[in-house]
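Visitor: Sequence:
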Amino acid sequence: MLPIIIFLPLILGTILVSWLKHFSRGVTALGAIGVSLTSFILLLTQAKPVFNGQVLLEHWQWLPQVGINLSFRLDALGLIFALLITGIGTLIYIYAYYYLSPKNSLSKLYALLMLFMAAMLGISLSNNLIILLVFWELTSISSFLLVGYWNNYDAAQRGARMALTITGMGGLAMLGGFILLGQITGTYQIDQILKMGDLIQSSPLFVPVLLLVLLGAFTKSAQFPFHFWLPNAMAAPTPVSAYLHSATMVKAGIFLLARLLPIFVGSALFHNIVTTIGLFTLCMAAFFAIFKEDLKGLLAYSTISHLGLIISLLGIGSPLAVAAAIFHIINHATFKAALFMIAGIIDHETQTRDLRKLSGIWQLLPFTGTLTMITAASMAGVPLTNGFLSKEMFFTELLANLSGASVVFAAIVATLAGLFAVAYSVRLVHGVFFDGDIGRDVPNKQAHEPALGMRAPAILLATLCILVGLIPGILVEPIVNAGTAASTQIADFHGAHLALWHGFNLPLLMSAIALFGGVIFYFSLAKGGKIREIDLDPILGKLQGKILFEDFLKNLLKFSRKIKQKTETGSLQDYIAIILVFSVAVVATPLLNQGLGTGTRELTQAPMIAIVLWLLLFSSCWMMLWFHHERIKAVLISGAIGLVVTMVFVCLSAPDLALTQITVDVVTTVLLLMSLSLLPQLTPYESKKGQRYRDAVIAILAGVGIGWITWLMLTRDHNSLSWFYIQQALPLGGGSNVVNVILVDFRGFDTFGEITVLGIAAIGALCLMDGMRIHGTTMTQGLTYRFNPSPLMFRMTASWILPIALVISLYIFLRGHNYPGGGFVAGLITSVALIIQYIALGQDQAEQLLRAKSGRLYEIWIGLGLVIAGLTGILAWFWGRPFLTSAHIYVEPPLLGKMHLASAAAFDLGVYATVVGATMLLISVLGDSRHSSMSGPMPKE
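Sequential numbering of the sequence shown, starting at 310, is according to the working numbering.
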């Protein structure tokens, strides 16, 4: 069930909202709400057993040899986050329907939000570090797309790039930490790693693991000094800010720390770093929030501050501190999501969110003002709200777990942060709704309360702020205790007792100082008029995070340009020289001091056929060197070299390789000849004398080096793996052709990657040639610019060749699992037959006959082939087998007798379709681009 919860929004949700957009905005919204609500309800069905301590585990092997498996885990901690993700997400979908203008694409926003929801659910439910990392990076990518939703808004694009860069770099650091964790523990399974805290902390790799994981968590949760990306991401649409930057994405780092807490607790380094960074971020961001002039900017810095509060509690690490952190995670999600929605309402109705213009709008938006007062009171920690309770727990845990000078310092910092929180909360209410004349500077003087549907999500969240504040023991205490038990791995934890009143104590005094001090501080600042944003330039100069980030990117760009100027000379010879020198250096460096010489293996006499083939190969290569400036001759000679290599494979008893080589050789030669028709027939003589000497030295070194390594390998005995494939090909793969079984079974994942790359390359060529088709080309000194109809005799012959070739392709395809052949070779044979039709009939008539005008049919073939191959791999999961594990059975249909069927045939069919589609797409596009360059007007110089 757990994968279903993730894949509902990931696959069904994104596809559904993209399809429903053809009906109406309302239907699209209902579809998105339905998918999100379904995931939420599925999670609720598991709430009772999970909150009672049960852990649900679901596991599928994927790459077990390297410890990467599709493993999911639902405990109380994961359930709390998943319910927040789906619950708040459902409210956001409702809100977005009313917020977004009909001019903007609602389906696009919903699809991206669905993608992000699935990624966050994957983080919450993953039980494998590598799978968690995949979803982690998916949140970075989807948030990049969401923040940059406004395509024509420069601030949104800059904010999206900044968020992606910072969180992406943190994710890369975290990857290093996860790999080191896997090296220490021997597993990436989170439930197993959590039991090895002592082993991990005793390892010499513990400090790098801690620092790398903290980098990932701090960057994602916007902790100092990486906090600056979050305010710059406020250029996103308000529903995005309400979802990503208050309730979900920024809490991913917090979730990671809470999940891995058992392996870090007890380390003084962990407690010192996390608590210190959290407290500093808490106070710093709260202070800056007071002076922000943008309503969402104020809320962004407030978010950073509250994230610092939660981080510092996790840094303390005691069970009650963790309980306070989990409680505040829930509370912050409720009041901050509501406040962002309210900010959107204010912006939507008044046409501004500039706090210098917003004043006295209570009479325009009284209901919204009431909601603002409730949620801002919760944010400030005012009694009778949920924010007050978790703030009290924070103060209590600081005083209980720190000692000496540190407790005094922490208490002062926490009280100041609380004071600043009250100040910016009062500014949010007083400065917007009561300060000054009624809407004097508001652009829209006719502002009014929005539709009830737009206010409903905020009403629900504001109600929860009050209810949780009044009766926390009934509503959330069991949830908080269960989440704490899951995070700390303490069974049956019931230590958190949530109540409105705990008597007169020091935390209550700290709250009172913060509350009254914050009100006094705000009104003292506002006495002279509107509060202005602090200019940090004279104070921090270039030490500001945003400026450091921009300077880093600027210097990186300058450095890249210098490298480009030095290396991109426009000379293919220089490029190949750099590649070869680098390759030779990389290979030679570890081998130079190894004293490698000829091995002890007994040498054999070279047969005459080997000598003949070697002489042919040598002669062909020498001719290539001599005639390489004449492009047509060079292509034909390269084809001859391919034929010689084919003969080598035949002599070495490798018929599969020989078939592949000769078909690839034919197709490649045709493609190269077509490509050359866009270029002059002669390559310019650009070599200078020095370049020739340089190239000769590089060629000799590279050739001798490769020859030497080959000699070293051939003169040494070695243990071959061939025995394993020979023995297991039939029992495990269901085929006696070892090469084909390796390709479609043992190394099927590699083959799937290769055909994917082939399809991408063909689509890339289509994009490039489409540009040439539009703009034409000035290079007209080539061969004939399109397949023209050939003589009648050739056309008649070609009409016989196609059906014969298709029969041969079918034969080669069906025999491939047991005899030389397979989908790749069959696809190339089909492609050669189709190429002959293009040559014989001309491109227009051939494409009309094949119904493949402009190559659209071949694009479909590529997609269909990849889908077939992928589904074949996925089906193995339903039988509990790793991806692309093949199955085979024997059947006896009437008349046909006993037949052997293997699922690998379906995978091979995907390979066949992709190869034909990619090859023919290249052929058709090349032919079409040549035609266009001749028929269209030549561009002016």
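In short, the hints are calculated from the structure, not lab data. Hints may contain errors.
[As the list claims (entries may be wrong)] EDC-like, lysine to aspartate or glutamate: derived pairs with alpha carbons at most 20 Å apart: (1) Lys839 to Asp1004; (2) Lys855 to Glu602; (3) Lys412 to Asp744; (4) Lys871 to Asp860; (5) Lys863 to Glu367; (6) Lys357 to Glu367; (7) Lys855 to Asp750; (8) Lys839 to Asp463; (9) Lys666 to Asp750; (10) Lys754 to Asp663; (11) Lys875 to Asp744; (12) Lys666 to Glu786; (13) Lys871 to Glu859; (14) Lys839 to Glu939; (15) Lys357 to Asp744; (16) Lys754 to Asp744; (17) Lys942 to Asp974; (18) Lys504 to Asp801; (19) Lys417 to Glu367; (20) Lys839 to Asp974; (21) Lys836 to Asp974; (22) Lys997 to Glu877; (23) Lys855 to Glu658; (24) Lys754 to Asp656; (25) Lys855 to Asp463; (26) Lys871 to Asp883; (27) Lys836 to Glu602; (28) Lys666 to Asp744; (29) Lys412 to Glu367; (30) Lys504 to Asp603; (31) Lys867 to Glu877; (32) Lys873 to Asp883; (33) Lys412 to Asp801; (34) Lys754 to Glu877; (35) Lys839 to Glu1063; (36) Lys997 to Asp860.
[To be verified] Each pair of labels, with its calculated beta carbon distance range: (37) Lys412 to Thr679: 41 to 49 Å; (38) Val1066 to Asp463: 46 to 54 Å; (39) Leu905 to His937: 28 to 36 Å; (40) Asn864 to Ser892: 26 to 34 Å.
For every residue, glycine included, the Cβ atom is placed at its ideal position computed from N, Cα and C.
Visitor: Are the Cα atoms of Lys504 and Asp603 separated by 20 Å or less?
Guide: 46 Å, violated
Visitor: Below or equal to 20 Å on CA atoms is what counts here, so check Lys839 against Asp463.
Guide: Judged against 20 Å, a Cα distance of about 28 Å means the pair is violated.
Visitor: Are Leu905 and His937 spaced within 28 to 36 Å by their CB atoms?
Guide: 33 Å, holds
Visitor: Does the Cβ pair Lys412, Thr679 satisfy 41 to 49 Å?
Guide: 31 Å, violated
Visitor: Within 20 Å, alpha carbon to alpha carbon, are Lys855 and Asp463?
Guide: 16 Å, holds
Visitor: Going straight from one Cα to the other, do Lys871 and Asp860 come out at no more than 20 Å?
Guide: 16 Å, holds
Visitor: Between Lys754 and Asp744, is the straight-line Cα distance small enough, at 20 Å or below?
Guide: 16 Å, holds
Visitor: Using the Cβ atoms, figure out if Asn864 sits within 26 to 34 Å of Ser892.
Guide: 29 Å, holds
Visitor: Assess, step by step, whether the Cα of Lys839 is no farther than 20 Å from the Cα of Asp1004, and give holds or violated.
Guide: 71 Å, violated
Visitor: Quickly compare the C-alpha distance for Lys357 and Glu367 to 20 Å and report which way the hint goes.
Guide: 18 Å, holds
Visitor: Holds or violated: Lys754 and Glu877, Cα atoms, limit 20 Å.
Guide: 59 Å, violated
Visitor: Are the Cα positions of Lys855 and Asp750 separated by 20 Å at most?
Guide: 30 Å, violated
Going through the hint list in order, the structure does not satisfy hints 1, 3, 5, 7, 8, 11, 12, 14, 15, 19, 20, 21, 23, 29, 30, 33, 34, 35, 36, 37 and 38.
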